[in-house]
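Here the protein sequences come in this chain order: V and G. Quick note on the numbering used here: the first sequence kicks off at 25 and runs consecutively. Quick note on the numbering used here: the second sequence kicks off at 21 and runs consecutively.
Accuracy of the hints is not assured; some may be wrong.
Unchecked claim - Here are the in silico distance ranges between beta carbons for each label pair: (1) V/Ser31 / G/Lys37: 27 to 33 Å; (2) V/Gln83 / G/Gly76: 46 to 52 Å; (3) G/Asp22 / V/Lys102: 27 to 33 Å.
Said to hold, decoys possible - A short list of chain G residues far from chain V (calculated; beta carbon distances all over 12 Å): (4) Gly29; (5) Leu39; (6) Ser80; (7) Thr93; (8) Ser107; (9) Pro136.
To be clear, the hints were calculated from the coordinates, so they are not data collected in a lab. Don't be surprised by glycine CBs; every beta carbon is placed ideally from N, CA and C.
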Amino acid sequence: EAGVTQSPRYAVLQEGQAVSFWCDPISGHDTLYWYQQPRDQGPQLLVYFRDEAVIDNSQLPSDRFSAVRPKGTNSTLKIQSAKQGDTATYLCASSYGGGAGEQYFGPGTRLTVL
Amino acid sequence: GDSVTQTEGQVTVSESKSLIINCTYSATSIAYPNLFWYVRYPGEGLQLLLKVITAGQKGSSRGFEATYNKETTSFHLQKASVQESDSAVYYCALSGTSSGSWQLIFGSGTQLTVMP
Numbered sequence: 025e026a027g028v029t030q031s032p033r034y035a036v037l038q039e040g041q042a043v044s045f046w047c048d049p050i051s052g053h054d055t056l057y058w059y060q061q062p063r064d065q066g067p068q069l070l071v072y073f074r075d076e077a078v079i080d081n082s083q084l085p086s087d088r089f090s091a092v093r094p095k096g097t098n099s100t101l102k103i104q105s106a107k108q109g110d111t112a113t114y115l116c117a118s119s120y121g122g123g124a125g126e127q128y129f130g131p132g133t134r135l136t137v138l
Numbered sequence: 021g022d023s024v025t026q027t028e029g030q031v032t033v034s035e036s037k038s039l040i041i042n043c044t045y046s047a048t049s050i051a052y053p054n055l056f057w058y059v060r061y062p063g064e065g066l067q068l069l070l071k072v073i074t075a076g077q078k079g080s081s082r083g084f085e086a087t088y089n090k091e092t093t094s095f096h097l098q099k100a101s102v103q104e105s106d107s108a109v110y111y112c113a114l115s116g117t118s119s120g121s122w123q124l125i126f127g128s129g130t131q132l133t134v135m136p
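Generate the whole structure from the sequences, applying the supplied hints.
This is the structure we're talking about:
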């Protein structure tokens, strides 16, 4: 069984540039999560979906971040105008059965904003 | 609010020695938190090591164990004899429902280095 896949694995950009991250969850998993993990900190939830619906995006900086999961499978997280403070690893995870299911994590995308 | 605290950012232990990584939690809005230990081995993604959903119970996996202690709000990770292959970053986490949304809250992680 394939795990959670993410691309790209690395991204380096200047402040003000836009970037998108893509996640393909484990087949059959209805719930998908995006986390931000700054260096030397634990992952922090940004947003999560059950199928195509957003369940919780309260921690997503809505002025510059957006996330979609239009068909309830793959998902895209976009940063519209990156800031140095966005430098972090962005993790995608998926589970079956909502938040109570075990979450399986992808390898992450390491973003550096110069 | 709800939080998880890991006081040691880095721990170094010699092979075959015992290990304890401390974890305490605060669950103010989550009524019945589940507790987890996740691990990230070098070059790999974050993966679940063990979980305990009931206070007073112990979870174990790969020689590691942790007991859910509601009185001391602790979930320390222990191993009797570590191996070099245990070198990794370990994250304590809690989960549960808060305001209708499922939360998984991580500590800051502890880098374990096992010396040969």
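Enumerated hints in conflict with the structure, sorted upward
1, 2 and 4
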